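Given chain W, put chain Y in place with the hints provided.
If you read the sequences in order, they're chains W and Y. Counting in my numbering, the first sequence tops out at residue 64, every number present. Counting in my numbering, the second sequence tops out at residue 1536, every number present.
It is worth saying that the hints were derived from the structure and are not from the lab.
The list that follows gives simulated cross-link-like pairs (lysine to aspartate or glutamate, EDC-like), each with its CA atoms no further than 20 Å apart: (1) Y:Lys1384 / W:Asp32; (2) W:Lys28 / Y:Glu1386; (3) Y:Lys1247 / Y:Glu1065; (4) Y:Lys1100 / Y:Asp1256; (5) W:Lys28 / Y:Asp1393; (6) Y:Lys1221 / Y:Asp1251; (7) Y:Lys1221 / Y:Glu1289; (8) Y:Lys1050 / Y:Glu1353; (9) Y:Lys1100 / Y:Asp1233.
Partial selection, computed: residues in chain W whose CB lies under 8 Å from chain Y: (10) Asp32; (11) Ala33; (12) Ala36; (13) Arg37; (14) Leu40; (15) Thr41; (16) Asn44.
Derived list of chain Y stretches under chain W, where covered just means 3 residues or more per stretch with a C-beta under 8 Å from a C-beta of chain W: (17) 1385–1393; (18) 1404–1412.
Just so we're clear, the structure is a prediction, and the values are computed from it rather than from any experiment. Where a beta carbon is used, it is the ideal one built from N, C-alpha and C, also for glycine.
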Amino acid sequence: MTLITTRNVADPDAAYELLLSAHEGLSKAESDALNARLILTLINHIGDIEVLREALHLVRDDTG
Amino acid sequence: MLDDRYALAHRLYPYARSADQDARGAVHHPVVIIGGGPVGMAAALDLGLKGIPALVLDDHEGVGEGSRAICFAKRTLEICDRLGCGDPMVEKGVVWNLGKVFHGEEKVFEFNLLAEGGHRRPAFINLQQPYFEKHLVDRIRAAQDAGAPIEIRGKNRVAALEPAEDGARLEVATPEGAYAITADWVLACDGAGSPTRKALGLGFTGKVFRDSFLIADVRMKADFPTERWFWFDPPFRDAGASALLHKQPDDIWRIDFQIGWDVDRETELQEDRIRARIDAMLGAGVEYELVWTSIYTFQCRRMASFRQGRVLFVGDSAHQVSPFGARGANGGLQDADNLCWKLAAVMQGEAPETLLDSYDAERGAASDENILNSTRSTDFIIPKSEQSRLFRDAVLQLSRHHDFARPFVNSGRLSQPCVYDGSGLNTADALEGGPRVTRPGAPAPDAALGNGFLLDRLGNDFVLLALGCDAPELPDLRVVSVAAPGADIAERYLGDAPRGLYLIRPDQHVVARWLEATPAEITNARDRAMGREATP
Chain W
1 MTLITTRNVA
11 DPDAAYELLL
21 SAHEGLSKAE
31 SDALNARLIL
41 TLINHIGDIE
51 VLREALHLVR
61 DDTG
Chain Y
1001 MLDDRYALAH
1011 RLYPYARSAD
1021 QDARGAVHHP
1031 VVIIGGGPVG
1041 MAAALDLGLK
1051 GIPALVLDDH
1061 EGVGEGSRAI
1071 CFAKRTLEIC
1081 DRLGCGDPMV
1091 EKGVVWNLGK
1101 VFHGEEKVFE
1111 FNLLAEGGHR
1121 RPAFINLQQP
1131 YFEKHLVDRI
1141 RAAQDAGAPI
1151 EIRGKNRVAA
1161 LEPAEDGARL
1171 EVATPEGAYA
1181 ITADWVLACD
1191 GAGSPTRKAL
1201 GLGFTGKVFR
1211 DSFLIADVRM
1221 KADFPTERWF
1231 WFDPPFRDAG
1241 ASALLHKQPD
1251 DIWRIDFQIG
1261 WDVDRETELQ
1271 EDRIRARIDA
1281 MLGAGVEYEL
1291 VWTSIYTFQC
1301 RRMASFRQGR
1311 VLFVGDSAHQ
1321 VSPFGARGAN
1331 GGLQDADNLC
1341 WKLAAVMQGE
1351 APETLLDSYD
1361 AERGAASDEN
1371 ILNSTRSTDF
1381 IIPKSEQSRL
1391 FRDAVLQLSR
1401 HHDFARPFVN
1411 SGRLSQPCVY
1421 DGSGLNTADA
1431 LEGGPRVTRP
1441 GAPAPDAALG
1451 NGFLLDRLGN
1461 DFVLLALGCD
1471 APELPDLRVV
1481 SVAAPGADIA
1491 ERYLGDAPRG
1501 LYLIRPDQHV
1511 VARWLEATPA
1521 EITNARDRAM
1531 GREATP
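Bound conformation, chain W alone:
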């Protein structure tokens, strides 16, 4: 499995809204903790460490 870098979410607006609404009313610390739990949960879902490696590579390189 390789990292999907083409459009893959059927309803991006809904996904984005889900993410934002999960953080509504949370303090910075609570939000950070929620993000951390979310990342770990998605890492488990992905399973393949190579996909994680590619994703980290992509996000690290993309700070320009």
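Below, chain Y without anything else, positioned relative to chain W:
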């Protein structure tokens, strides 16, 4: 200058004048072992049992006080079985299999180490280091009585070491003055602070962790179960940032508190300070006696090479790990296990000296693996940054209700023997369908066999294990035949293969395996494992 650095638990080898001290010149010894800790004594025993004269020089007269290492792994016990002293250790030790991890008040999860049957030895025993060392020395005494050429000299401190191409010259300090000896081979088993390593000006590099831990061994009658309990952010908050409770023999409990980096050792070691922490943990009114206390900080570091010509570094002198995972003493015993048969083969002229480079290669890889594991555990237990704490706490939070997150929890990855993948001593795997767990380089796993166990049948030398087939006839190669392999052996050694032949080294690691093999193929594999050119 020969003052004791620590008090003794057992005075097992009082200073006695040796004839070497009255000799005209420096008396020669084939092997000198510097340091009589668990690693040095195991090496002396292993060599002595193979008929190699081994002289142990220890700057104390016996076994030091204090529990120190307490967790001895199955592989260590198997090595001790091979050396003939596994039984008293397991009889005295506390067998445990269950570990529980807490975060604050709540139990996050528990693990059971006893996943698999058909092993003679448990996954771990807890045993105070002085007992472990005493059982080794008792076994050495019995071996000496039976003629094994081992000698232990107490209060003999190596004051100077001059390495040479073909050995070394040592100056030894005693209460009655100094004397000199020479040696063909020197094993430096003198611990993490190794004076030998320092004398040779050799580097020891790695990572220092900025935290310290208070160990308190207490004697109490408590009805806590025989389990390993580990707390992240314990509810008894003032006691430490993490804590460990673990049972040892004689009603002794190991308690370990993470107390921070900037602490004043002397203050923290005062009895009332220690009792305040323990009372917070156990609750008021629990009666206990403080048996041994200590504060430690730790490093993960290693030497670039464990072999310096005729001087070999074994155990903590070569590599140091954090205590999480019990990889210090257990790793050191595996070093000795790896080295001694090779050194004996070289000294007996059966193998070239270059075989000893494989000690550095194999145990160097093992040490990297131990350091990697113990560094990862330490990074989880002591988060170095805000982000690493965030993820650590997220893992613990998720783990309370979700099993998928529990494998991320790392309160120590317990010592497992290293598989020597890629070692030049191995022959390419030729058993199609064979299980990964017994691939060339792997330590042979135990299995029920008849009324006993497989490892007890392997012995101390190269052995050919024939499973469900006849073994080709070879001179000087013992065969262990299992005509009808049972379920354990079939699962661990055959997998999908209908039968198999295994060549196993003296340290019980697999070096080659086949579905079938000619005598020449087996001889070649054995030659390769001895570092010899293949027989034409």
